[in-house]
Structures are given as structure tokens and as C-alpha cells.
Amino acid sequence: MSETVQPPLGGSVFLQRLLRSPAAAVGCLVVVVILALALFAPWIAPYDPNLQETANRLMPPDAAHWLGTDGFGRDILSRIIYGARPTLLLVLVVVLLMAPLGILVGILAGFFGGITERVLMRLTDIVMSFPRLLLAFAFVAIMGPGLINGALALALTSWPAYARQARVETAALRRSDYLAAAEMVGIRGIRLLWGHILPLVLPSSIIRLALDLSGIILAAAGLGFLGLGVRPPTAEWGSMVSEGTQVIFDQWWVAAVPGIAILITSFAFNLLADGLRDILDPRHD
Amino acid sequence: MSALSVSNLSVIFQGRDKGFTAVRDVSFDVGAGETFGLIGPSGCGKTTVLRAIAGLNTNWQGSIAVSGEPLQPGRKITGALRASIQMVFQDPYSSLHPRHRISRILGEPLSLRGERDVGGQVRTALERVGLPAAVAGRYPHQLSGGQRQRVAIARALLLKPKLLLLDEPTSALDVSVQAGILNLLNDLKASEGMTFVLVSHDPGVVAHMCDRAVIMDAGRIARSMDRAQIAASWSDAAAVAG
Amino acid sequence: MTDPLLQVEDLSISFPSANGLVRIVDGVSFSVGREVVALVGESGSGKSMTGRAIMGLLPSRAQVAAARLSFDGQNLTALPEKGWNSLRGSGMGLILQDPKYSLNPAHRIGRQVEEALLLHTKLSAAERRERALDMLDKVGLPDVGRIYSSYPAALSGGMGQRVMIAAMLINRPKLLIADEPTSALDRGLQDQILTLLRLLSEELGMGLLLISHDLQQVSRYADRVMVMRRGKIDEEMASADLANAKSDYTRALWAARPSAATYGTRLPVYGEQP
Chain R
16 MSETVQPPLG
26 GSVFLQRLLR
36 SPAAAVGCLV
46 VVVILALALF
56 APWIAPYDPN
66 LQETANRLMP
76 PDAAHWLGTD
86 GFGRDILSRI
96 IYGARPTLLL
106 VLVVVLLMAP
116 LGILVGILAG
126 FFGGITERVL
136 MRLTDIVMSF
146 PRLLLAFAFV
156 AIMGPGLING
166 ALALALTSWP
176 AYARQARVET
186 AALRRSDYLA
196 AAEMVGIRGI
206 RLLWGHILPL
216 VLPSSIIRLA
226 LDLSGIILAA
236 AGLGFLGLGV
246 RPPTAEWGSM
256 VSEGTQVIFD
266 QWWVAAVPGI
276 AILITSFAFN
286 LLADGLRDIL
296 DPRHD
Chain F
13 MSALSVSNLS
23 VIFQGRDKGF
33 TAVRDVSFDV
43 GAGETFGLIG
53 PSGCGKTTVL
63 RAIAGLNTNW
73 QGSIAVSGEP
83 LQPGRKITGA
93 LRASIQMVFQ
103 DPYSSLHPRH
113 RISRILGEPL
123 SLRGERDVGG
133 QVRTALERVG
143 LPAAVAGRYP
153 HQLSGGQRQR
163 VAIARALLLK
173 PKLLLLDEPT
183 SALDVSVQAG
193 ILNLLNDLKA
203 SEGMTFVLVS
213 HDPGVVAHMC
223 DRAVIMDAGR
233 IARSMDRAQI
243 AASWSDAAAV
253 AG
Chain E
765 MTDPLLQVED
775 LSISFPSANG
785 LVRIVDGVSF
795 SVGREVVALV
805 GESGSGKSMT
815 GRAIMGLLPS
825 RAQVAAARLS
835 FDGQNLTALP
845 EKGWNSLRGS
855 GMGLILQDPK
865 YSLNPAHRIG
875 RQVEEALLLH
885 TKLSAAERRE
895 RALDMLDKVG
905 LPDVGRIYSS
915 YPAALSGGMG
925 QRVMIAAMLI
935 NRPKLLIADE
945 PTSALDRGLQ
955 DQILTLLRLL
965 SEELGMGLLL
975 ISHDLQQVSR
985 YADRVMVMRR
995 GKIDEEMASA
1005 DLANAKSDYT
1015 RALWAARPSA
1025 ATYGTRLPVY
1035 GEQP
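First to last, the protein sequences are chains R, F and E. The first sequence lines up with residues 16 to 300 when you count with my numbering. The second sequence lines up with residues 13 to 254 when you count with my numbering. The third sequence lines up with residues 765 to 1038 when you count with my numbering.
Calculated from the structure, these hints are not laboratory results. Keep in mind that the hints are not guaranteed to be accurate.
FRET-style restraints, in silico, Cβ to Cβ [said to hold, decoys possible]:
(1) F/29 - R/282: 47 to 57 Å
(2) R/282 - E/846: 37 to 47 Å
(3) R/282 - E/917: 34 to 44 Å
Beta carbons: idealized from backbone N, C-alpha and C, even for Gly.
Produce the complete structure using the sequences and hints provided.
Right under this line is the structure:
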């Protein structure tokens, strides 16, 4: 006779559920480790990531350098640890720009309908048709390489999916009884959008976000690989892979190690996203 | 002056090519303190009429006046009029926001209007519908259907309305829970001096609650009934069912 | 009472929860023969769980125990899924609340009505079609040829429920279990569907178990009524005797229905707040 309504998640309940899904727990753990590496890099990394010891170039992993050294004699382990920073920073910038922008556009379109909806959705369609990396090139070509420009380019091409999702959900909510009831007691405008609609649209956006993150990480690494990310000598996984391709046949670890770092991070976010979906999706209970 | 006066009300929903006339030239008056029934099968337009009076649908023609004050078609209801017309929805599972605690559901309309002592007023509101103060800290999914509907009634009463619109308020509830809610509604009507407009497809509820009623069919009023006729029509139905 | 088709003795159903094992159904015993029996209770009474236990549709985490649970001589307690599949749709029919969720929107009506025949009999396509049309006619649907080739979306709620009944009865089951078969329908339609179920059960010599929360309504169609409360059977009697029920709860349930007679009075409410 009734549907189960998803209970809002308090902190401890969230943790309980997280632990119920092994995939999510593993993903979460790895993400936390990587975050810790990035945050505490100066204390964890054994060497200065930019310290060149040309006498020790391209050394295989040994006791002194656990993951070997690269073409400039820099310790790869330290560069991996420091390399987490630009990657995660870029991801953060993209997330902070992309999700709020997309959700805002979607909610406005879904709530007001009519011409507002049509205009916003056409805009969304136009932006959606741009290929992400090509636009990143264009940006960088115009504004010069750099982390922020790369992040901007990625964010500005990735928000449409959030807008579409938010619009559909908002449009469905507009017909709901609880919004009608809110209207009847005089709740209107921003208060309605922020306090009543947004909390209901957010969970699926969060899930989408977690799923997108792994893609963004790969895109960020891709930009770095193509030399469009941070500038050398800053350690960044994508550019490390690029440098490593030069010596890939003899000193394979120089490219493989950052590649594996990218893989693990991306995979961890995927697992986390899977787990989040199980947790936040009301039908899964 | 009647509590509610509806004249030549028509509601047309615009489709792609032609419009669908959900309500066609409906007129009726409701006296103060009455419970007025809008009855009819699914799709007859009774809920559409109710939502037009509620101001949830402003796309209508004709005239609607509450205690003499007219509603403007095409414009949202605001101010004192907004407070004096309130509604209780059919499904207690979908009329309370799932992510808000009861204290917020009941408190927000009050703080919006700059009222003082919102917490105290929320407690009073809960008490008035027979719920313990502890309910304020809970979420809707933690309450039973009957409790949720009581919260919905409490919310509708927050702004002290004169006209309360009831859209099948008990059809989603068990029989004994329904009994409690109907009792509560009648108690409150008397103590707060309200007028009810009740939409229902349940003959028993209509026979128990309504002083007068109209039967709607395909958008029009098919028949008006006074109390004697409502009672008679119930007895007929009961006799047939056996 | 006729020979029992369904026998339930001391049935208990428990669910694991954060606070340990919660008993939803507690020592329920009853039997159903070739008659119409109503199992009535409010939300939380355990009536739906009881119904599901008889149909073999409890979730896997439910723990079921019974001294006896048998249908037509067959022991249901240890029945494997295969056994249930051959039972449901042939010996036992099930009607659930909302035809919207029971009818597959992507398949034509005719195919869904015939499905039980396909699974349990060896009739030819022509014979199946004939039986399907006959059944659709029996449940009072007009223009059966057209409905046979339509999709569920073309039907109203009342018609959809009639189709469900046709689909469930096509194999002439011995027992039909209907769980709130009319709650999703308008009042007028409810009476029509219940009348139909009663007529068909008489005509086909079938047992009918009606599970509902509306005591006054189902009592008009049932020979016997069992009232459940908090996992137990509170009282059991012939429906003709309901006005003289002994249990306070049953009396309150019986009297709680609003009507013209209760106008201007307070309806009786049993015990504590809902």
C-alpha cells in the first residue's frame, strides 16, 4: 500500500551502510589513503620530488628508491606521492564548478518550465555536443597550459549531464503533493528551490558525481600526458606517464608506476560510486 | 455571505492540439461552518475544482470567492487569503517532505511569517492533533500513516484557516485509523470554526461527514443533495449492497 | 464446513531486525475449504505476511515455522521453489492489489491470460485462445476479442483487475487467494469485483481467501471472517454473526465504519492512538 521512503542519512547510519558493502568500503579506504598521501606529502615522501640526481638516472626499484628513479634521477615514489596533489586538486575544481552549475541549470529549467526550460535545455544540448578534450585543447591554446585552465575546460563541458538529470527530477517533483503543500503554506521561490527541491535532487547527483570522478581523473591524466596540465617539473601522474613512454621498453617502471596510480585511483572512485548508489538508492533497501 | 462561493467555474487543460475540459461551468455555495461534499467517480473533475479553490491551479475561468474575497485567476494566492485557505492531501506518504523533520515541516511556515516561539507553537500544534511532542524530532518515514495524516492536518491548521479543503483525507488509511482522523477533523472544525470542502469517493465517509453535497460527472454538476438526500442515498446504497 | 483445502496450524513468521528477532505472525491456525473466507486486519496485523506464507512469497530473510501448512494434502513447509512454481497458477491462484504492477505492460492481454495454460497444460494455441476468450467473457469484460489483442495500458483499473482474475482462474485452481484485490479501485468498482469473485468461486467450486483491511466490506461477501490483530487471530466467526462479536476489537472494527447512521456522532476508536 505504500512505498518505502528513503530515510535521510545521519553520520553513523551512513558509516554502517558503507561498511555493509565491501566494494564501497574498499573504494572509500583507498580514496582516503590517496587523500592522506596528497595532504601529508611533505612528511611522507622520502625525497624532494624535484631533486635531480643525474648519476642515478633510470634506476630500477631498490632499497634506496622503492619505485626507482626517472630520466632526471628523481625518486619516483616521491613524485607519485606529490603527484596525487595536482590530480586531486583538478578533480576538486572540476567538481566544484561542474556539479553546482549543472544542478542549478537543471533545477531552474525543471521548476519554471515553459520558455526558461526550453532555452536552458537547448543551451545544455549545445554544450553537450562539444568533445571534452578538444575543448580543453582550445582553452589551453588560448589561455596557456595550467591546472586551472584544464580544470575549467573539463568542468565547462561536463555539467550538461547534471543539468539534464536535475531537470527531469525537478519536473517530476513539481507535481508532487509535498511541494503543493509547501506552496499552500506560503513557501515560495528560493526557499522552495533550495530547501525542498535541492535535497531531493542531490542524492542522484552525488551518485553521478562519484561515477564521473574516475572519468575526470583519467581526463586530467590525459591532459597531463599531452602536456596541457601542470608545467614541468611539477610532479603529476599524467605527465609522468608521458615522460616514461620515452624509455618504456627498457625502464618500463617509469611509465607503469604512475599509470598504475591512475588506475588504482580511478578504480577506487568507481567502487565508491557503486557503493554510494547502493546506499543512496531507496529501492536497494 | 457564504464561506465559499463558486460561479461558472471552468478549467480547461491545454493539450497539444485541443484542450481537455476537466470542469465545465460549475457553481455552488458553501455556508460557514458546513461540511460540503464533492462526490463523483475518478476523472469527474472534483479534485480539479478543489485544486482551483486551493490556488494550486490558477488556470481557470469563472469566479471563486472565499468569505466574499475573490480569487484572481492566473495569479497565485498571497497574503491573508493564502493563510485562510488550506488543504489536507490524500496520501500521507507523499505530502510530507521525506527529508524534513516534523519540527521543520510545522515550523517553517511559522518562521516564514516571523512568528515568535516557533518551537512552542509546534508543540501546541502537535498537541491539538493528539500527537506527543516527541514526534517533532522525527522524520515522516518514522511515523505511521495515521500519524502522518495528523501532522498534515496540524500543518494545514498552522495558519488558522477558515476554509479547509480535504482531498480524500482518509482513503489511504485503515478503517479504525480513519475513524480517529474523522473524529479529529470534526472536533477541530467545531473548535476552530472552520468550513470544510470534502472530496471523497467513499459513500460512508460522505454520509458521515457532509451536510450538503454535489455529485459531479464528466466535469459538470449532475445533482445537488441536502442532508436528507445524502442520508437517503446512503440507505439506498446500503440496501442494494445487502 | 467443507473439507479443508488449506490447513494452517500454529504458523509463526519472524524477521531479523536490529533488536533481534521480531515476531510478525504468532501461532496462527485456520483452515479454508470450498468456501469464501475473509482474513481481516489492519496495518501491522500480520495478515499480508500470512497470505504470503501460504503463497510461498515471503522474503528470504523471513523465518517461518508451522506445525502444519498444507494445501490439498501437499505439505508446503519444505516445498522447493520448483514445487511452488507448479502450484501457483494451477492449484492455487493469486490476485494482488494493483493490477498495474501485476500485468506486464509490454505483453498483450491475451498472452498474459494464457500464460498459466502455457506453463501447466499441453493445450494447442487455438485451444488456449478459446479458453482465454471464454474466461475474459466470464469475468464480465465487454468486446473480448479486442481486449485479447490489447495491451494493459489500454485498460482502466477495474478492467485490469478483471483481466488478472481471468488470468488466475483460467486453470481452474482449487483455491484463490486475493490480497487486497480492490484497494486500488473506486468504491463502486470494489463491490463489482468482489461480487464477481464470489460468483466465480461458487461457480467453479473454488475456495476463496480474501485478505483485506475493510471488515465491513468483505464481510458482505464472505461466509466466515477471521480478524487478525498483532500477529494473532483475535476472533473467528460466521460473517452473519459479526454484529454479535465477542471481542472488543472486532466490535470496534465493526462499528468504526462511517455511515449515515453515524452522522454527527464520534466514531468508536479502539484503544490507543494510531
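Now the hints, each set against the structure:
no., hint, in the structure
1, F/29 - R/282: 47 to 57 Å, "holds, 53 Å"
2, R/282 - E/846: 37 to 47 Å, "holds, 40 Å"
3, R/282 - E/917: 34 to 44 Å, "holds, 43 Å"
Checked against the numbered hints given earlier, the structure satisfies every one of them.
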